[in-house]
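For the protein sequence lines, the chains are A and B, in the order given. Under the numbering used here, think of the first position of the first sequence as -19, with each following residue one higher. Under the numbering used here, think of the first position of the second sequence as -19, with each following residue one higher.
Simulated from the structure, these hints should not be mistaken for lab results. Don't take every hint at face value.
Identical chains blur together in the list; that is why a pair holds if it fits in one copy or across any two.
[Said to hold, decoys possible] Straight-line Cα separation of at most 25 Å, SDA-like style, residue types lysine to any residue; simulated pairs: (1) K153 / S35; (2) K17 / R247; (3) K(-8) / T119; (4) K18 / A96; (5) K17 / D82; (6) K(-16) / E85; (7) K(-8) / E92; (8) K18 / R89; (9) K244 / R308; (10) K(-16) / N162; (11) K(-16) / E92; (12) K(-16) / R51; (13) K18 / H121.
There are 2 protein chains.
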Amino acid sequence: MAEKPTLETVAKRAGVSIPTVSQVMRGTGRISEKTRKKVLQAVRELHYVPDARASSMRSGQNREIGFVINRISNPFNAEVISGVSDLLELEGYLVSVLDTSDDAERQERHLEAFIANGRGGLLWVPAIETPQAALDILTTHAIPTVTFLRRPEGSPFDHVGIRNADATAVGVKYLAELGHRNIAYLGGTGMSDVRRKRIEGYKRILTELRLGEPVIWDCHDTKLAGLNAMLALRQAYPETTAVICNGDMVALGACLGVIGSGLKPGREVSVIGFDDVEDAAVSTPALTTMAVSPYHLGRRLALMLLNRMRERDMPVTVSDVSAELTIRETTGPLVPPQGRV
Amino acid sequence: MAEKPTLETVAKRAGVSIPTVSQVMRGTGRISEKTRKKVLQAVRELHYVPDARASSMRSGQNREIGFVINRISNPFNAEVISGVSDLLELEGYLVSVLDTSDDAERQERHLEAFIANGRGGLLWVPAIETPQAALDILTTHAIPTVTFLRRPEGSPFDHVGIRNADATAVGVKYLAELGHRNIAYLGGTGMSDVRRKRIEGYKRILTELRLGEPVIWDCHDTKLAGLNAMLALRQAYPETTAVICNGDMVALGACLGVIGSGLKPGREVSVIGFDDVEDAAVSTPALTTMAVSPYHLGRRLALMLLNRMRERDMPVTVSDVSAELTIRETTGPLVPPQGRV
DNA sequence: GACATTAGATATAACGTTATACCATGCTAT
DNA sequence: ATAGCATGGTATAACGTTATATCTAATGTC
């Protein structure tokens, strides 16, 4: 039932002034060992916790960092969050995560709330249909921001991403070397920056290697959607013998679809994923995928934000890391439809 | 480069006083349509966003709610977060998520930060080794709190959980009816409230049905851990023909382990999971599991917090929902080890 | 012994809001 | 004409901190 303790309460109990308590809490100023002890004692007794709002308002500093992300539940994102948190917490920051579900309106609410709370910095995976206004509001409020994965048109922010076009090309090329000629791109909806780049790489290598016409099949980024999409795709384009997917979840679903058709991934149909989530190595058959280490990507992301926060007028940095072709069991040489060659 | 806009800036530009702007923003007080228009115009021009810290400090209200959770990346938790967010955002609240990784020290930092920011309410999955002190600090600061899944000893908070003991007993009983006599409990580490309850139910039904001695096998709550644990378990107790698992991830891993031994889940070894995550229905073979709807659980959780926030001195409520046996393909009648009966 | 220096503390104002109380008007009723 | 009352707005203080300036002893210097 006790009143919420404040600096004043503590000061009274310790028999000192308010600024003294404040200085003890922060370890600044000149304080004798004797009064320090007295104050800390009072703090303990009252369970005093400084009010971060008042503090950050007055000092203009906030050790809380926001991570506005498109889907918390995506395992890839979840691992990124781990990497980010581990590094930032070591530096004394706190990371709180806001999920937009890729909904631009929800995202706008979150960004506003973020600004309203005067947070120290922002990590941001922009929602797919992010309007220019969202960028503007962040710049006018001078929020240190680093975007992740998706980089909106004309963004003035630092960025950590993936070499999507190159990675996809590498994957398709590998499939071509295995003898596949009808290679589809499976997964994703709408035209996010990421997907556009990947499809760009896909088309580029297709024409470069003089393979067939591009086949692009939309679906959401879940296993179930991948499963259904794979079935539908094989119905529409039965000549397809290999797919490269927009993400591991889709790829894992696609494998289930292949199995469901009585075939075997890596035999009749080859499947390549993207991300290398934990499950990829563990599922059966183990998924061939374009691997990036989400945990380390998270650390890099956090690091870049720290730099930006320390040096507000650094030139804008864009850091794209490459993905590595990780060959497992869902890819294999082309086998002719029936009988032997 | 413009200064950060405040009520003062807006007031000056609109040619009115500070309180007037404040009232327009909140839609309170008596304001003529004419000045309202003027003020809103100025707000738009300056991209003014109210400072939530100042506001919540003065008014004692905070529309931000924290969800301190043990593992964001757990798919079950991720779906709960969706349910929570959807409901609370509809009510005008903002949900920010903090991940403890089941680490008591990290959890303490998060709870302190939570209090420091004077958030409106707390949803909390306590870390496994949560000390009494963590409960104390929340009560002394009078934070409206609802715990989820795990209920610490002597907790004074509202709670939403699962009828763990009963659910586990139902699952084991079903396995027994299929003819299984050697049924192991697989998964979990340490003795969280949840696991204790489930094991309690497991042992109770075992003695009630006069089945064999309990076999309890620890492992972390991931697919990979489940896989390895299953292999080890079969090594140590080859007579085991059925397992009930601490969670779907473990169960899915266990199935992989069974497959890896050249056997088939639902045939030689039956597996039951817990939670019914999205993957459970989609994996092959589809997982039999004790289903609770995480999304709806999340909504219920959110609702309970809202009640508590509105009515601070309501009696403490504990709401345990029951899980439903959802039979799919990983359970089947006992088949004798070799040859026919 | 006068003066500067330092250690150890404090008084005061400010951060951007909102709650409360108050003050002008103009209008109605008598 | 004047009390009474809405209507539309403002002055002021307070929320809990921290930055800045200031103050008092005690110590050191010559």
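* Asked: Failing hints, ascending?
  -> Hints 1, 2, 5, 10 and 12 contradicted; others consistent.
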